[in-house]
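Trainee: The residues making up each chain are set out below.
Number of protein chains: 4
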Amino acid sequence: MDPAAAALNASVHFDRRLLRDDVRGSQAQARMLAAVGLITAADAEAIVAGLERVAQEIASGERALDPALEDIHMNVETRLIELIGEAGRRLHTARSRNDQVATDLKLYARRAAVEIVAGIDRARLELCRQARRHAETLLPGYTHLQRAQVVTLGHHLMAYAEMLGRDRGRFADAERRAAESPLGSGALAGTGLPIDRARTAAELSFSAGPTHNSLDAVSDRDFAAEIAFAAALMAVHLSRLGEELVLWSTSEFGFVRLGEGYCSGSSLMPQKRNPDIAELLRGKTGRAIGDLVALLTISKGLTLAYNKDLQETQEPLYDAIETAQLSLAVLPGLIAGLEFDVTRMASAADDPALGATDLAEELVRRGMPFRSAHELIGRLVRRAEERGVTLRELGPEELHTVDPALTPEVMQALDPHRAVAARTLPGGPAPDLVLAEVARLEAELRALGHAP
Amino acid sequence: MDPAAAALNASVHFDRRLLRDDVRGSQAQARMLAAVGLITAADAEAIVAGLERVAQEIASGERALDPALEDIHMNVETRLIELIGEAGRRLHTARSRNDQVATDLKLYARRAAVEIVAGIDRARLELCRQARRHAETLLPGYTHLQRAQVVTLGHHLMAYAEMLGRDRGRFADAERRAAESPLGSGALAGTGLPIDRARTAAELSFSAGPTHNSLDAVSDRDFAAEIAFAAALMAVHLSRLGEELVLWSTSEFGFVRLGEGYCSGSSLMPQKRNPDIAELLRGKTGRAIGDLVALLTISKGLTLAYNKDLQETQEPLYDAIETAQLSLAVLPGLIAGLEFDVTRMASAADDPALGATDLAEELVRRGMPFRSAHELIGRLVRRAEERGVTLRELGPEELHTVDPALTPEVMQALDPHRAVAARTLPGGPAPDLVLAEVARLEAELRALGHAP
Amino acid sequence: MDPAAAALNASVHFDRRLLRDDVRGSQAQARMLAAVGLITAADAEAIVAGLERVAQEIASGERALDPALEDIHMNVETRLIELIGEAGRRLHTARSRNDQVATDLKLYARRAAVEIVAGIDRARLELCRQARRHAETLLPGYTHLQRAQVVTLGHHLMAYAEMLGRDRGRFADAERRAAESPLGSGALAGTGLPIDRARTAAELSFSAGPTHNSLDAVSDRDFAAEIAFAAALMAVHLSRLGEELVLWSTSEFGFVRLGEGYCSGSSLMPQKRNPDIAELLRGKTGRAIGDLVALLTISKGLTLAYNKDLQETQEPLYDAIETAQLSLAVLPGLIAGLEFDVTRMASAADDPALGATDLAEELVRRGMPFRSAHELIGRLVRRAEERGVTLRELGPEELHTVDPALTPEVMQALDPHRAVAARTLPGGPAPDLVLAEVARLEAELRALGHAP
Amino acid sequence: MDPAAAALNASVHFDRRLLRDDVRGSQAQARMLAAVGLITAADAEAIVAGLERVAQEIASGERALDPALEDIHMNVETRLIELIGEAGRRLHTARSRNDQVATDLKLYARRAAVEIVAGIDRARLELCRQARRHAETLLPGYTHLQRAQVVTLGHHLMAYAEMLGRDRGRFADAERRAAESPLGSGALAGTGLPIDRARTAAELSFSAGPTHNSLDAVSDRDFAAEIAFAAALMAVHLSRLGEELVLWSTSEFGFVRLGEGYCSGSSLMPQKRNPDIAELLRGKTGRAIGDLVALLTISKGLTLAYNKDLQETQEPLYDAIETAQLSLAVLPGLIAGLEFDVTRMASAADDPALGATDLAEELVRRGMPFRSAHELIGRLVRRAEERGVTLRELGPEELHTVDPALTPEVMQALDPHRAVAARTLPGGPAPDLVLAEVARLEAELRALGHAP
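The listed protein sequences correspond, in order, to chains A, B, C and D. Taking this note's numbering, I'd label the letters of the first sequence as residues 1 to 452. Taking this note's numbering, I'd label the letters of the second sequence as residues 453 to 904. Taking this note's numbering, I'd label the letters of the third sequence as residues 905 to 1356. Taking this note's numbering, I'd label the letters of the fourth sequence as residues 1357 to 1808.
Derived from the structure by calculation, the hints contain no laboratory data. Where a beta carbon is used, it is the ideal one built from N, C-alpha and C, also for glycine. Take the hints with a grain of salt, since some may be wrong.
To be verified - Which chain B residues face chain C? A few, computed with CB under 10 Å, are given here:
1) Arg584
2) Glu731
3) Gly742
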């Protein structure tokens, strides 16, 4: 090949990640070939052992990968033949690089999805711990980044546990939908040799058995796109968390202090304590969405079956997975290390305007139509603004002038603790509910073996 | 509002799609409010009936939407109050526009997902019909768009049924994961009023009950992104089908003729018969991926809970869904109308080079290691090329010179019918297998009520 | 056509935007055909006048577009023939819909680019006005959203003028690069008729003359992608402005109050004043990037020359342009209406830690290597933190203990006014520099006729 | 830092690409500091020489980069201080890592843009050579991939030269717009030290002088997005070329044979000759668009000035540039090695239906309105189809029956050579025009020093 073409074509610098899965797939293939009589048991044993050694040589760095051999698959097979001779030449029986790559990639992707699910659960566990600690800590809830109503910090943190719970479901679904084994689909058209596809599928934990269509099987990269999507949406969620940590770390908010190990200083401003890790969680979203776009665009308009374009699906898949793993690896420590300034939060939550809705609900509770209560509180807020005082500072007579319904009893709805404690419906911020949600999730994590 | 700001802010031109779901959600809310005693049964009845009338007025065009009322929700409620007075002012009790919009959008999205699933099944049914018809039709299978091995047309068509089957699963998963009701989450912090969230959830067919966290519930648009992803990946699959139909319609391939209703002429070249619909199926991929990117990017870095940016999630969701629906609507007729030129396909499939792999497998069957068989056939192909003949035209002696293993019996592996019929393993192209796959899928579709 | 196919194929609901440009292009074509003798002068006159009338009928709504006629071009031509008969049948001479659409789209896109450039300049002018007003207003400059060094508000605002200035350049470049006329390229292969392409190019203000290759000309949509890119990057810039306005509007920052016309209330929380317009500026980024992705993806892998997929390039182009226009329309009023709370800004800027860098520079000015000064100030900051005081509160002896270099004179570098005023190098925040930059930009805008 | 955080934060594995530009920028800084008297001439000399040595140590691999030192910049400075001591501690005077990184990245990006422009020109030169060789070679031009009208291969190839010409312009514009030097902008707020920004700008070939706003300068990554866009659109163009080469290499088209060095064989099908490089050119589009999306999304919603998220802009920029360079490196050889099968092309071009438009134009030339000619030819084509003959096989009487205008003279328009030769207007496919276009472009390339 022309050198520039070889450079464009090269893949060993990234597909080396498939080493472990390639060897595992080939070992299953060899055992099956012996079981159906296409090779001898002795050949199968030699292949299995030889592959083990090849894997060790490459993984340890003892043997460098040769780019001239194009990819990891040819590197492994070539070395195998060097080591064990003739038997090695029988390994590729009833198999093509097309079904081999599809199998390896699926093994890799499914394995990664399982690891990511565990990583998500570790992060959810830390959220539970902080949420329990702060089940009663008050802070303003925001909409449009304007203070809206008082909530509890535990409730706020558990919102992220919900997002991560959905992310978990998407990774698990992707892994499940990828549970059919492509091995045995050949280059595109299956094989006429009497192999046992169900056997290799089972050995490789493809629980749904062999794929149903060889043309589809060798050109299907849906699983890569689906994992990349799950990773992109999780990155969006983590970008929201990152944004909030950055914001809450400002002098102006001052709600949180990140652990030392998650900040950096400045080369020019010695007083700075920069929330780098929170910013990177936010910034990683770009690459995650970019990887997904790459994966979807690559497959656009490809005819059946395999096309070389599919080689380009590997790097965005690896990047999507590794970015997700890097982000998840940092989360437990980051979350555990958050020191919240409950005093500043409480002070911000004490803004009486945050009780306006609770006040309106109190009036509804006493029979006023909601729209009327809404308008009445609107008048009240304007009055307080004109007077330059808070709602709590308006005297009983003044309240009576605005509307006789505004009795001192009604006005007690402005108390933030009382307001939060009253919102006890499912999904609400009341401390008891937060603790119940934490307990529910921890039980779920324990049942999965992901919590002590 | 400033007119330019109002123009930027306007949403009635697109959120009118939510009319039906908004009314349904409000009716459930009113019934629940009466059930828990927050409004009277009479008020609830008046609201339910009034909403019915509002819906009819707007749907029929009798009443135009007023952009000054900002969105569909305020248009409905304002008109309701005009029609039924005081009772109407009680509808918005224990509800905010934030949980209302989230509920409406989820109702809309889940409904659309169910329709799309049915549309996919209609397309799969037509694929089955054509595949049965062409279970024995031979054509070349391609990799790298080079002729590789002979397959059957039925097998080729069923590859698309596999892709659509996975698409179906993704839409169904998205719909299932969106089965929690946000209604009752309030603006962001739930409500202190004693409503019954489980009741509205049940009435609105949110089978997983109420959402677990109010802050998450009002700002969650995961379901929109997930449906947009399922739509984008389906669009990628349809782009592959579109590409193949365009290609097969060329003078050079000549494998297929699209139905009259799916082509167009040219304003300048009267002889043209352009496969517009196949091209559009391919071209729609761009907008589908674009919609997904929009949805993911919008939510990046948003603090909890609701932010106005989320209004921007509606249009890409609608476009993703409507594009999917338009594409699916055209598929059954397009597929049913395909007239395949089986003669040209057979002629292309008769290229003896397509049997090279079958020949190698025959040698393996007789004990030769695969790599040796591969090399031997390589030498044979080069010999034929040098001689300017096909593999089939090489005489017995010449074959013997290349290698004594190449006996006349072995060379029978080059027969395309025999080659295809031999590939009977699961996922293979043999006619019997194609018929079995068709029967399996049709049974599945019948069980779903999606096939006669 | 099959109805579902017709629905997929329909374009009049979006390509009606081309009416004006289609008529203009056809009038130029008719005049040219007469000039070269392919039609008579009388026919040309009838066509030109007839097209004028068609345009009025359609624009006024007097005549509805007929979707059965597929697109705006056939609607116009068909109506023209109805109105003027035989002469109308001569209009499409030496032209195809392919070069016609390419011409119309380019006319539209270039016109839009010019309007956007003017819109950018209007926004820059308002930035200049606010920047002049606030040339001396101090506020903290942030990195990592941590207070870093004091800057002036005028300087901060002018950063956006810089970004918009680059945006302007990109739109102008896109418009210039689209200055070749595709008209006369025919369906794909030019024409054998003796038309005058230079004449139509000139009449339609295509200053670079006719395109150089007909196959390229009918399939080129680079200009659409380039404008969409310019729009996407501008949207990113506006998202940064939107984010800052949202942030500065919070109770915690309290730096700015948006004009009444640019905020909205809440359906549930009467005290809220939500910065909707700023949020939408931020949220529109998603659709802008999505439009760009759509445009790029559509053209991927298309063979020469025209393919129907290109019809799909229209909607993302329109959306990109209209989103840019909506955003720009709101900017001047939004910027002009910003009321900054200079007291809160000044108070935030008075944080002595913000002077750490200025202090280090003062030491460098007196001969200390920068790295040593950096370390010394680091020690000083830690000392102040341990003592729980600000840098300014450390007494002379204590300073001397840390390092004798920290004389009272040196410590004057902590004064924020002095610090800002000292940074007078090009690009710096000093009030005089801000005024000079404002004057420079206003002069530029005046020279363009975009400022009074 | 926590190890997982350090892993997320690490950048030496990618920012090592900036070594050369970092050293160059620091040398300019040192010389300037001496010129303005902030350091001594001896210190500047020591720094310049020391940096040279550091660069050599790192580039040669003699000294490994230390991830604990975070990035390339600290690695370089730390080693410099080790080597030359005190003087090294003075290098970072009046500079921050923020303006340093911005400067390095711009230097890198501008250098890459210049190299890419040269690479584009090398590809255009090869297109010229093939186009000259095939100025008279006929082939069908296609629209909708249906044969439409005869064109010349030279004309077809030169369409790609047009696309690449626009790509060139975009890279050049990006490079020009990035010609302002950020150096001296400090961390965000400039510096109070008396440095000479114009001097470093000049030494580093920033022809537009220093940037105008420090807050913008340290957070501006527009140049990265702009280059990534130019690269993505070029990738789209190359995907079109790749698609055509794949298509033309099929057995069915058979128009071209790729050079040996640009194809690969199959592990299972010895007869295959796969156009891998053409497929990869097509497949690379995905990653190019993905890189662009990443770059745009990262900057969305970032407050001024520098945020750590910007570190994430580096990898997509590098990938966009390196992908463009890899693709361009392969083009000249790929193009030069194309062997066209002019016989098969000629045979395909001989299809008389391709002359329908020429026939219609001939009728127009003789006075018939175009729409009438179009209809007449439509009738003629249908007649031939019904009869199962080509247009050329219809006898004079039959033609006369269809319409007396169809005289034998008129029917000569069907001759493909005559048809092509007649289309001599600017942008047309006539051989003479192709040669003129080739000459024009070669002259342009010679003037740039990019052609012999």
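Trainee: Next, verify each hint and record whether it holds.
Mentor: Hints, one by one, checked against the model:
1. Arg584: Because about 23 Å separates arginine 584 of chain B from the closest Cβ in chain C, which is outside the 10 Å limit, the hint is violated.
2. Glu731: holds, 4 Å
3. Gly742: holds, 3 Å
Hint violations for this structure: number 1 only, all remaining hints satisfied.
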